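Visitor: Line order of the protein sequences matches chains A and B. Using the numbering used here, read the first sequence as starting at 841 and increasing by one per residue. Using the numbering used here, read the second sequence as starting at 250 and increasing by one per residue.
Bear in mind the hints are in silico, worked out from the structure with no lab data behind them. Treat the hints loosely; a few may be bogus.
[Stated by the list, open to error] Computed list of chain A residues with no C-beta within reach of chain B, every gap over 12 Å:
(1) Ile996
(2) Ala999
(3) His1005
[Said to hold, decoys possible] Here are some, though not all, of the chain A residues that point toward chain B, as calculated from beta-carbon distances under 10 Å:
(4) His846
(5) Asn847
(6) Arg851
(7) Ile852
(8) Arg854
(9) Tyr858
(10) Asp860
(11) Gly862
(12) Ile863
(13) Phe866
(14) Gly867
(15) Ser870
(16) Leu871
(17) Ala936
(18) Ile988
(19) Thr989
Please read all numbers here as calculations on a predicted model, not as lab measurements. Where is the CB? At the ideal position from N, CA and C, for every residue including glycine.
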Amino acid sequence: MSNLIHNFAHRISRETGYKDTGIISFGLQSLFSLISGYAVLGLLSFILKVFPHAIIAAFVSSSLRVFSGGSHASSSLRCTVYGTVMFLALGGIAAALAAFNSIFLFVTLTILIALPAMVAIFKYGYATTHKKPLNSYAHGRKLRTIAITVLFAWLITIAYLLYYHFFSLSSRVFIASILTGIAWHTFCLTPLGHKVNEVADKKLQKLRVS
Amino acid sequence: MKKIKCLVFMGMLTVITLLANITAAGACSMYHYQPELPDALAKKYD
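Okay, chain A solo, but in the shape it has when bound (with noise of 0.2 Å):
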């Protein structure tokens, strides 16, 4: 595959005149990962009946994670395949929490998972990774409060559906997947979430998923 990109990028080098095709490359290959992080998602959560559910939370995830950063899977496919298998099992935990419609449980719930999320991102946000170090402390502090007001923006539209909507199936749906995409980046982001990425991605490597 990415051979493939190699190729792809220079082809649009050579047709567009822009000489940084390591630039091109690379802006393929998070192209190439999100569409077929969100494509293959979709459609096994479509056969699983927990669409919106995993598309939700792995939305949410991914909008805190741009900003605070999160643990990594060693390869484009491995990444696909354990994004995926966790995003499922979010979508179908989010499905169970929408049944019940018992609003001191999703305040609480809420809360529970606010708050962890909260100091996780202070305590562990703009985390360095070994393929991208972020060198600059103002550029990190930066992203840190871009992803601070990017959960307080989830928490706002929490608060306003469990307040005028909580009894609609589709809002408590809503709600329930974007706290369990909270709940998984707060997860991801702190050691035991790295820990725990690492060993998944070890297995898949014995698995051969390259």
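Fit chain B to the given chain A structure using the hints.
Guide: Showing chain B alone in chain A's frame:
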């Protein structure tokens, strides 16, 4: 035909470099996988 081809490639280049910059400026890529950051972008967002 050549002009359309050029426009298509230019459009692709725009989207790709935009995504590359978003990924480089952020802390992490949008899904789980983090491709290696090219030197040009690493210097820009250092």
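Visitor: Each hint should be assessed against the structure and marked as holding or not.
Guide: The hints, checked one at a time:
1. Against chain B, the non-interface label of isoleucine 996 (chain A) holds: every CB pair exceeds 12 Å, the least being about 22 Å.
2. Distance to chain B confirms alanine 999 (chain A) as a non-interface residue, since its nearest Cβ pair spans about 26 Å, more than 12 Å.
3. With 12 Å as the threshold on Cβ separation, the claim that histidine 1005 (chain A) sits away from chain B holds: the shortest Cβ distance comes to roughly 28 Å.
4. Given the 10 Å rule on beta carbons, the hint for histidine 846 (chain A) is violated: about 12 Å separates it from the nearest Cβ of chain B.
5. The beta carbon of asparagine 847 (chain A) is not positioned within 10 Å of any beta carbon in chain B (closest approach about 14 Å), and the interface hint is therefore violated.
6. Residue-level restraint check for arginine 851 (chain A) holds (minimum Cβ-Cβ distance to chain B is 8 Å; threshold 10 Å).
7. At about 6 Å, the closest approach between the beta carbon of isoleucine 852 (chain A) and any beta carbon in chain B falls short of 10 Å, and the interface hint on this residue holds.
8. Of the supplied interface hints, the one on arginine 854 (chain A) holds, with its beta-carbon coming within about 9 Å of a beta-carbon of chain B, less than 10 Å.
9. The beta carbon of tyrosine 858 (chain A) is positioned within 10 Å of a beta carbon in chain B (closest approach about 6 Å), and the interface hint is therefore held.
10. With a cut of 10 Å, the hint placing aspartate 860 (chain A) at the interface with chain B holds, because the nearest CB-to-CB distance is about 5 Å.
11. Against a cut-off of 10 Å between C-beta atoms, the interface hint on glycine 862 (chain A) holds, since the closest Cβ of chain B lies about 3 Å away.
12. For isoleucine 863 (chain A), the shortest C-beta to C-beta distance to chain B is roughly 5 Å, which falls under 10 Å, so the interface hint holds.
13. Because the smallest distance between the Cβ of phenylalanine 866 (chain A) and any Cβ of chain B comes to about 5 Å, under 10 Å, the interface hint for this residue holds.
14. For glycine 867 (chain A), the shortest C-beta to C-beta distance to chain B is roughly 3 Å, which falls under 10 Å, so the interface hint holds.
15. Taken as an interface hint, serine 870 (chain A) checks out: its beta carbon lies about 5 Å from the nearest beta carbon of chain B, inside 10 Å.
16. Of the supplied interface hints, the one on leucine 871 (chain A) holds, with its beta-carbon coming within about 5 Å of a beta-carbon of chain B, less than 10 Å.
17. Hint status for alanine 936 (chain A) relative to chain B: violated, with the closest Cβ pair at about 24 Å, above 10 Å.
18. Here the hint on isoleucine 988 (chain A) is broken, as its CB sits about 13 Å from the closest CB of chain B, past 10 Å.
19. At about 14 Å, the closest approach between the beta carbon of threonine 989 (chain A) and any beta carbon in chain B exceeds 10 Å, and the interface hint on this residue is violated.
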